[in-house]
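Chemist: Here are the chains, one letter per residue:
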Amino acid sequence: MLKKYRVSNLYQGRLERGDDLLEKITEIINNAGIKLGRITAIGAVEKAKLSFYNQNRKVYEEDEINKPLEIVSLLGNISLKDNEIMIHAHIALGDEDGRLYGGHLTTGTRVFACEFIIEEFEGEEVERKYDEKTGLPLWRCQ
Amino acid sequence: MLKKYRVSNLYQGRLERGDDLLEKITEIINNAGIKLGRITAIGAVEKAKLSFYNQNRKVYEEDEINKPLEIVSLLGNISLKDNEIMIHAHIALGDEDGRLYGGHLTTGTRVFACEFIIEEFEGEEVERKYDEKTGLPLWRCQ
Amino acid sequence: MLKKYRVSNLYQGRLERGDDLLEKITEIINNAGIKLGRITAIGAVEKAKLSFYNQNRKVYEEDEINKPLEIVSLLGNISLKDNEIMIHAHIALGDEDGRLYGGHLTTGTRVFACEFIIEEFEGEEVERKYDEKTGLPLWRCQ
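Protein sequence lines, in the order shown, are assigned to chains Y, A and R. The opening residue of the first sequence carries number 0 in numbering that gives the first Met the number 0; numbering runs sequentially from there. The opening residue of the second sequence carries number 0 in numbering that gives the first Met the number 0; numbering runs sequentially from there. The opening residue of the third sequence carries number 0 in numbering that gives the first Met the number 0; numbering runs sequentially from there.
Just chain Y, same shape as in the assembly (with noise of 0.2 Å):
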C-alpha cells in the first residue's frame, strides 16, 4: 500500500519560451534517465491545453485556454507506464483577474516562462497498468 523510497537527487532548471511545457519536461527528465519522482513547477504561459477525466464516459475530455496565464502551481509524478516514463502532472493556471483554471496538463501547452524542480526518487520503480474501476492507467504499488 506505501512503498518506501528516498530522494536519491534533485534538480532545478527553467524551460524556454515557446517550448511545449509536457513534452519539453518529459525530454528533459528522459535525457536524465529519471524514472522515478516528483515535479513542481511556477511560470507563465502563452496558451494551455488542459483536461479533465469524465468519470462516466471513462474518457479525457480536452480545453483550450487561448491567452496568457500564470502557472499557480504545477504537481506531478514520474513512473513507467509500458517502460516508457510517464509524467503525470495537473496545473494551476491564473489569468489576468487572477481567476483559476486548471486540470490534468496535456501536450499543447507553450511555456512563456517556467521555473522547475525535479526530485529522483530512489526504490522500486512503479508501474501503471490498467485499472478496472476507473478506466485509468494508475500505478501497482497495492
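Hint data in this document are derived by calculation from the structure and do not stem from the laboratory. None of the values given here were measured: they were computed from a predicted structure. One thing to keep in mind: the hints can contain errors.
In silico DSS-like links for lysine-lysine, alpha-carbon gap of 25 Å or less [as the list claims (entries may be wrong)]:
{"id": "1", "chain 1": "R", "residue 1": "K132", "chain 2": "A", "residue 2": "K132"}
{"id": "2", "chain 1": "A", "residue 1": "K2", "chain 2": "R", "residue 2": "K23"}
{"id": "3", "chain 1": "Y", "residue 1": "K80", "chain 2": "Y", "residue 2": "K23"}
{"id": "4", "chain 1": "R", "residue 1": "K132", "chain 2": "Y", "residue 2": "K66"}
{"id": "5", "chain 1": "R", "residue 1": "K57", "chain 2": "Y", "residue 2": "K46"}
{"id": "6", "chain 1": "A", "residue 1": "K3", "chain 2": "R", "residue 2": "K23"}
{"id": "7", "chain 1": "R", "residue 1": "K66", "chain 2": "A", "residue 2": "K57"}
{"id": "8", "chain 1": "Y", "residue 1": "K3", "chain 2": "A", "residue 2": "K34"}
{"id": "9", "chain 1": "R", "residue 1": "K132", "chain 2": "R", "residue 2": "K80"}
{"id": "10", "chain 1": "R", "residue 1": "K23", "chain 2": "Y", "residue 2": "K34"}
{"id": "11", "chain 1": "A", "residue 1": "K80", "chain 2": "Y", "residue 2": "K57"}
{"id": "12", "chain 1": "R", "residue 1": "K23", "chain 2": "A", "residue 2": "K132"}
{"id": "13", "chain 1": "A", "residue 1": "K3", "chain 2": "R", "residue 2": "K34"}
{"id": "14", "chain 1": "Y", "residue 1": "K46", "chain 2": "R", "residue 2": "K132"}
{"id": "15", "chain 1": "A", "residue 1": "K128", "chain 2": "R", "residue 2": "K23"}
{"id": "16", "chain 1": "Y", "residue 1": "K23", "chain 2": "R", "residue 2": "K132"}
{"id": "17", "chain 1": "A", "residue 1": "K23", "chain 2": "Y", "residue 2": "K128"}
{"id": "18", "chain 1": "A", "residue 1": "K46", "chain 2": "Y", "residue 2": "K132"}
{"id": "19", "chain 1": "A", "residue 1": "K57", "chain 2": "R", "residue 2": "K34"}
{"id": "20", "chain 1": "R", "residue 1": "K34", "chain 2": "A", "residue 2": "K2"}
{"id": "21", "chain 1": "Y", "residue 1": "K3", "chain 2": "A", "residue 2": "K3"}
{"id": "22", "chain 1": "Y", "residue 1": "K23", "chain 2": "R", "residue 2": "K128"}
{"id": "23", "chain 1": "A", "residue 1": "K23", "chain 2": "Y", "residue 2": "K2"}
{"id": "24", "chain 1": "A", "residue 1": "K3", "chain 2": "R", "residue 2": "K132"}
Let chain Y serve as the given structure and place chains A and R on it in line with the hints.
Modeler: Coordinates of chains A and R only, in the frame set by chain Y:
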C-alpha cells in the same frame, strides 16, 4: 521561529476509488507511525467536501461540491494535536470546464483516483495548541 | 540545462496574524542565510495582493482582493538577484464560496495563519538575469 528537520523517509502510494480522501490518508499515516511531515497529491474525486474558516466568527463553514473533479493540487502537513496525528491539508479541485474550487479538506471527499507522496520529517515534534488571535489550533513552534 | 542539488536543511515554521506574507518569509529566509531552495505553505490571509505578468506589455499588473481567503497552495523558489535573495512565489487562494484566485505573490498580502516548509538546497548558486525574450529576471542556469 524556525525549526530544523530532515526527511527521514519518503513514501509513495495511491488510494482506491471510493476511499474517503482525508480519512484514508490519516489511516495510512497512522499505520506507518508518521508524526511529522508533508503530503502532496494529485488525482480526481467523485465529490468533495471543503471548509472555509470564517475569520470573524471563528468557525469553519462547510461546502459540498457534488460532482467529479480533478485534484489539481493537494498540499498538507502532518503534526500532532492532543497527542493524535492531525493532517492539515488544502486542496484545489477542477471541474469539467477547468474552473477551480478549493479550500480546507474535510471528511466527505470521495476518491476517484489519488496518487500521493508523503515525506516523513525527523526532528522535534510539533504540537498544535489553541491560538487566541485566530481561534485555530496552531503550531507551537515560535 | 539541468543543475544538480541536494536538500541540505529543511525548516518548518509559521507566520503570525498580521504579518506581511512575502516580506516576513523573505526576512526569515534572509535571517537563516538560505540562498537557494523551495518553499511550500498553506494557511489563510486577511487580504491579498497578487500580480499578473502582462506578456505583451512586459509589466506586472497588480490586483487586490480585500477579503479573507484560504491559502490553498503557496509554491515558491529561492534564488539570487543582484546579490540579494529573491523569493519567487505563486499562490492559490480560496474564498468563502470555494472559488479560487491566484497569481504572483507580492507585498501587501496579510497573513491570518500560515504554516510553511522551507527546503534549503546545496549546490551552485542560481542568479537571476534580465531575459530579452520575456522581459523577466530569469535563472541563468541554461
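Chemist: Hint by hint, note whether the structure agrees.
Modeler: Hint by hint, here is what the structure shows:
no.: 1; hint: R:K132 / A:K132; verdict: violated (46 Å)
no.: 2; hint: A:K2 / R:K23; verdict: holds (16 Å)
no.: 3; hint: Y:K80 / Y:K23; verdict: holds (18 Å)
no.: 4; hint: R:K132 / Y:K66; verdict: holds (17 Å)
no.: 5; hint: R:K57 / Y:K46; verdict: holds (16 Å)
no.: 6; hint: A:K3 / R:K23; verdict: holds (18 Å)
no.: 7; hint: R:K66 / A:K57; verdict: holds (15 Å)
no.: 8; hint: Y:K3 / A:K34; verdict: holds (16 Å)
no.: 9; hint: R:K132 / R:K80; verdict: holds (18 Å)
no.: 10; hint: R:K23 / Y:K34; verdict: violated (37 Å)
no.: 11; hint: A:K80 / Y:K57; verdict: violated (40 Å)
no.: 12; hint: R:K23 / A:K132; verdict: holds (18 Å)
no.: 13; hint: A:K3 / R:K34; verdict: holds (16 Å)
no.: 14; hint: Y:K46 / R:K132; verdict: holds (16 Å)
no.: 15; hint: A:K128 / R:K23; verdict: holds (22 Å)
no.: 16; hint: Y:K23 / R:K132; verdict: holds (18 Å)
no.: 17; hint: A:K23 / Y:K128; verdict: holds (22 Å)
no.: 18; hint: A:K46 / Y:K132; verdict: holds (16 Å)
no.: 19; hint: A:K57 / R:K34; verdict: violated (37 Å)
no.: 20; hint: R:K34 / A:K2; verdict: holds (17 Å)
no.: 21; hint: Y:K3 / A:K3; verdict: holds (23 Å)
no.: 22; hint: Y:K23 / R:K128; verdict: holds (22 Å)
no.: 23; hint: A:K23 / Y:K2; verdict: holds (16 Å)
no.: 24; hint: A:K3 / R:K132; verdict: violated (39 Å)
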